[in-house]
Amino acid sequence: MNIATSLLTGVLISSAAAYLGTLMLGRRMALVAGPLGHLTLPGIALALMYGFDVTLGAFPFVILGIVLIWLFEVRTKLPVEALTAIVFATGVAAAFLFLPIEQAEAALVGDIAMVGTFDLILTAVLSAIIFSIVTKNYRKLLLTSISEDLARVQGINSKKHNLIYLTMVAIVVALGVKLVGGLMTAALVAIPACSARNLSRNLLQDRLLAIGFGVGSCMLGIVLSQISGHPAGVLIILINAAIFVMTAVFKR
Amino acid sequence: MRILEVEDLSVELEGEKILENLSFHVDEGEVLTILGPNGAGKTVLLRTLLGLLPYRGKIRWKKKDLRIGYVPQRLPFIKDFPLTVKEFFRLKEVSEREMHGVLSSLLMADPSILDKKMGTLSSGQFQRVLVAYALVGSPNVLLFDEPTAGIDLGAEETVYDLLNRLKMKRKITILLVTHDIAVVYQFATHCLCLNKRMLCFGTPREINGTLLSELYGGKVKIYEHRH
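From first to last, the protein sequence lines are chains F and Z. Position 193 of the first sequence, counting from 1, maps to 249 under my numbering, and the rest follow consecutively. Position 156 of the second sequence, counting from 1, maps to 1652 under my numbering, and the rest follow consecutively.
Treat each hint with caution, since some may be false.
[What the hints assert, rightly or not] Lysine-lysine pairs mimicking BS3-like chemistry, simulated, CA-CA at most 30 angstroms apart:
| hint | chain 1 | residue 1 | chain 2 | residue 2 |
| --- | --- | --- | --- | --- |
| 1 | Z | K1612 | Z | K1665 |
| 2 | Z | K1554 | Z | K1582 |
| 3 | Z | K1612 | Z | K1692 |
| 4 | Z | K1665 | F | K216 |
| 5 | Z | K1667 | F | K215 |
| 6 | F | K216 | Z | K1663 |
| 7 | Z | K1513 | F | K215 |
| 8 | Z | K1559 | F | K196 |
| 9 | Z | K1513 | F | K192 |
| 10 | Z | K1612 | F | K192 |
| 11 | F | K215 | Z | K1588 |
| 12 | Z | K1582 | F | K215 |
| 13 | Z | K1513 | Z | K1554 |
| 14 | F | K196 | Z | K1588 |
| 15 | Z | K1575 | F | K196 |
| 16 | Z | K1612 | F | K196 |
| 17 | Z | K1582 | Z | K1613 |
| 18 | F | K196 | Z | K1692 |
| 19 | Z | K1575 | F | K307 |
| 20 | F | K192 | Z | K1588 |
| 21 | Z | K1582 | Z | K1667 |
| 22 | F | K215 | Z | K1559 |
| 23 | Z | K1554 | Z | K1575 |
| 24 | F | K216 | Z | K1582 |
| 25 | Z | K1575 | F | K133 |
| 26 | Z | K1554 | F | K307 |
| 27 | Z | K1588 | F | K133 |
| 28 | Z | K1575 | F | K192 |
| 29 | Z | K1588 | Z | K1663 |
| 30 | Z | K1575 | F | K216 |
| 31 | Z | K1667 | F | K216 |
| 32 | Z | K1513 | Z | K1582 |
| 33 | Z | K1613 | F | K215 |
| 34 | Z | K1554 | Z | K1692 |
Because the hints were derived from the structure by calculation, they are not lab data.
Construct the entire structure; sequences and hints are all you get.
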């Protein structure tokens, strides 16, 4: 129940999410983070019921979700969007089959005030992994997002880089559930990146602005939540949305 | 010297035959235009030659010292990123000097272009930047997929003048997908007519009206340009 721990954990999660978000817009990838977020719900439910870390609960379910969607896609050739809708609904339904209703709020909107030292250490390690891997591969990931053909002609293994990216998204989604719950993690990835894109004139600005917006909304959200008593996750998303609206107005 | 040899090439995508039994070859320094109506499989052919698609048959590139540059038809997703021209070039390992070199060889020496966003370039500038990007690393083969829509490269130079200059300066071998029959006569040393099957392969002189009307379904008149 230490606000410094909450703030630090939140900042680490939201900056990693925003950073990944800057690579997401290319190939409709934002759609992926959304459904993946929802897939975490059964895992969060289990974690809350048995009292272990929600990130550790969420992660295997995200991976399961990715594999399921991929398998269904190969088998049925239906659009990924349709398949994720199916898997998403199943995830929500399965979660509420088991989860006592009084614990539903933490699962749905997150509870960053609950985090302790273990959460902070786990978050720090995972976000350090995300930042170093993404920074090291940024060019290749970006080119793969722009054009797989061009990437492959340059000798970049696009399948490998898609997998790296998806794994990073899975980790950040599993982390994000601490902050904003199982329904809104996609927003943590997508909104700061969208706001940044409205204003940025080059890639460097884009990354800095996205991380700035992500971190700013997170800190403000947590502080306001202490004052007002509303869940921090809800406030963080609303602040992010407000920033997006403002950047849309100021977009040149 | 032979640079590419294709034998009995067939490509099938999702159960549909796109290319059937293509055989042709390209020698060093040649300009091969690949001609055909929409949906003939021209882009698929280029992508197959680049090793991006599964195929049956044989594709043999020369082994020694092969550097391929590829100019894709378009990059629809690039507008999703606030990428400047300079940052685009950085996606390839390229020195400042080489970047300026290729840009000025394409008459884009004005340094202000480097800080422009890729998404805000005119279609002509965009095409030039794609060509410049492909030329980084001094390729000796250029695969060029011409955009379907007519693009305005500016009054001073057409894309074919540009390619012509490249051919002279850099002794580059070019495989060019085009819709523009005039290009074949102005610029190509060889021509491949494609409509899923290969309808012709030879020098432009060998291509006659009957073949082209077969290729395009009998509605083509040829106006040969002589300059």
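Worksheet item: Is Z:K1554 within 30 angstroms of F:K307, Cα to Cα?
Response: violated (52 angstroms)
Fill in: Z:K1582 paired with Z:K1613 [C-alpha distance capped at 30 angstroms]
With Cα atoms ~9 angstroms apart, Z:K1582 and Z:K1613 stay inside 30 angstroms; holds.
Worksheet item: Has the given pair, Z:K1575 with F:K196, been kept, meaning a C-alpha gap of at most 30 angstroms?
Response: Holds: Z:K1575 and F:K196 sit about 17 angstroms apart, inside 30 angstroms.
Worksheet item: Are the Cα atoms of Z:K1667 and F:K216 separated by 30 angstroms or less?
Response: violated (35 angstroms)
Worksheet item: Within a Cα-Cα threshold of 30 angstroms, do Z:K1612 and Z:K1665 meet the stated pairing?
Response: holds (28 angstroms)
Item to complete: Measure nothing beyond the straight line between the CA atoms of Z:K1513 and Z:K1554; if it is 30 angstroms or shorter, mark the hint as holding.
Response: holds (17 angstroms)
Item to complete: Compare the distance between the alpha carbons of Z:K1667 and F:K215 with 30 angstroms, and conclude whether the hinted pair is satisfied.
Response: violated (34 angstroms)
Discussion item. Just to be careful, I want the Cα atoms of Z:K1575 and F:K307 compared with a cutoff of 30 angstroms; is the pair within it?
Written reply: Satisfied, since the Cα-Cα distance of roughly 15 angstroms is no more than 30 angstroms.
Worksheet item: CA of Z:K1612 to CA of F:K192, is that 30 angstroms or under?
Response: holds (25 angstroms)
Discussion item. Against the 30 angstroms threshold, does the CA-CA distance of Z:K1554 and Z:K1692 hold or violate the hint?
Written reply: This hinted pair holds, its Cα atoms lying about 17 angstroms apart.
Item to complete: Mind checking the alpha carbons of Z:K1513 and F:K192 for me, to see if they're no more than 30 angstroms apart?
Response: violated (41 angstroms)
Item to complete: Could you grab the alpha-carbon distance between Z:K1665 and F:K216 and see if it respects the 30 angstroms cut-off?
Response: violated (38 angstroms)
Going down the numbered hints, you'll see the structure goes against 2, 3, 4, 5, 6, 9, 18, 23, 26, 27, 31, 32, while the others check out.
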